[in-house]
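When you get a sec, could you build the whole thing from the sequences and use the hints?
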Amino acid sequence: MATVADPGTAVKRPPGAAPPVWNRRRREALAGYAFVAPDLLGLMMFVGLPMVLSLGVSLFSADGFGGYTYVGLANFRQMAEDTQLWQSVKVTLTYTVAFVPIGFVVSLGLALLVRDHFPGVGLVRTMFFLPHVISLVVVGIAWQFLLVDKQGAVATLLRPVGLGDTSFLGDPSLALGSLVAISIWFLMGYNMLILLGGLKDIPREYEEAAGIDGATAWQKFRHVIWPLLRPTSFFVLVNSVVGSVTGLQAFDLVYVLTQGGPAGSTSSVVFYIYQQAFTFNNYGYAAALTTVVVGFLVAATGTMFGLTKGGRFDAG
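Residues in the sequence shown are numbered consecutively from 1, following the UniProt record's numbering.
One should not assume that every hint holds.
[As the list claims (entries may be wrong)] Pair ranges (Cβ atoms, derived):
id : residue 1 : residue 2 : range
1  : T94       : V148      : 18 to 28 Å
2  : N281      : K200      : 29 to 39 Å
3  : A299      : T156      : 38 to 48 Å
4  : N239      : L53       : 22 to 32 Å
5  : G64       : P38       : 30 to 40 Å
6  : T94       : R24       : 51 to 61 Å
7  : E207      : Q78       : 54 to 64 Å
8  : D201      : G170      : 39 to 49 Å
9  : T94       : I141      : 36 to 46 Å
10 : S173      : T83       : 15 to 25 Å
11 : T156      : M127      : 48 to 58 Å
12 : L112      : R25       : 17 to 27 Å
13 : N239      : N281      : 25 to 35 Å
[Stated by the list, open to error] Here are the simulated DSS-like cross-link-like pairs (lysine-lysine), alpha carbons at most 25 Å apart as the crow flies:
id : residue 1 : residue 2
14 : K200      : K220
15 : K309      : K200
16 : K150      : K220
Treat the hints as calculated values from the structure; they're not laboratory data. Even for Gly, the Cβ is constructed at its ideal location relative to N, Cα and C.
Listed below in structure tokens is the structure:
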């Protein structure tokens, strides 16, 4: 006959045995590390190791054909006198200042537009996202065809308003703006989906309660949607800043559409680094430039995380 244990009797553990809660937490932690390990290994191999090697090469004068001469910090000192580098920095900053806020506003507007269900909403979302699945090289070639001076489709459409002779890629005052517009068109669908995911996580009850209290659509957005969307918005903004400096759109579009011209008006920092390495065979100087750019991005991203608490801003 089975006996019933006394409820007041404590379960005895063997000496040195961990409590069940700690064992469970340990298993959960090990499972988490196991899931993260492949990404961490790939990050170390394909990002961390090249960064360390780039730092090492930056201390040499390397021609890419096996010739290495130790020069110490000479490559870094050269940057201060490189006028073309500072022109590329100016171009990159202008591109970032224009692309990040405009692209974010456009993507957020699209996310709000396709947030609610209506007939054909899936098709509309697909159409907005479709440009992002196309190779940037193909995108560049297509837009180069559309923007051909006087004969392209854009020039033909603008001819009735007197803008048919405008050279969007050949005019230094318009080329960078054209790159910004194409970049926004290419990435707006991707950022739209990320922001749409953040919007879907906001309970509609909050907005309904605000509506009952008499809040307008703008007040609902400002006091309900925007505060709860801040972490997602922060991710989109940080991703956009990094992409505008070192992303594919900062190189592929420049390489295909303008080759840094006209007159260096679209030569981004990453394209200038490419030129130094693969056009002028100045690999040591290119490595030094890469090291500085990566260091700047790490510092800027860390500062943004610290100041905004990862997008929560007012979190304690």
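**Study point:** Outcome for the supplied range 29 to 39 Å, where the beta carbon pair is N281 and K200
**Key:** Hint violated: Cβ distance 51 Å, outside 29 to 39 Å.
**Study point:** R24 and T94 - C-beta distance against the hinted 51 to 61 Å
**Key:** holds, 53 Å
Exercise for review: Could you check the hint for me, namely that N239 and L53 are 22 to 32 Å apart, CB to CB?
Suggested key: holds, 25 Å
Exercise for review: Check the following: the C-beta atoms of N239 and N281 are separated by a distance inside 25 to 35 Å.
Suggested key: holds, 33 Å
Exercise for review: Decide if the proposed pair is consistent with the structure: K200 and K220, CA atoms, cutoff 25 Å inclusive.
Suggested key: OK: K200 and K220 at ~15 Å, within 25 Å.
Check your understanding: Given the hinted pair K150 and K220, is their alpha-carbon gap at most 25 Å?
Key -> Answer violated: K150 to K220 is near 47 Å, above 25 Å.
Review point. Within a Cα-Cα threshold of 25 Å, do K309 and K200 meet the stated pairing?
Key: holds, 22 Å
Practice item. Just tell me: holds or violated, for the beta carbon distance of T94 and V148 against 18 to 28 Å? Key: holds, 25 Å
Check your understanding: When you take the CB atoms of D201 and G170, is the distance between them in 39 to 49 Å?
Key -> Taking Cβ atoms as reference, D201 and G170 lie about 46 Å apart, which means the hint holds.
Review point. For the pair L112 and R25, does the Cβ-Cβ distance stay inside 17 to 27 Å?
Key: Violated, since L112 and R25 (Cβ atoms, about 41 Å apart) do not stay within the stated range.
Exercise for review: Could you see if the CB distance from A299 to T156 stays within 38 to 48 Å?
Suggested key: holds, 47 Å
Check your understanding: Given a hinted range of 36 to 46 Å, is it respected by the beta-carbon distance of T94 and I141?
Key -> violated, 25 Å
Taken one by one, the earlier hints fail for this structure at numbers 2, 9, 11, 12 and 16, listed in ascending order.
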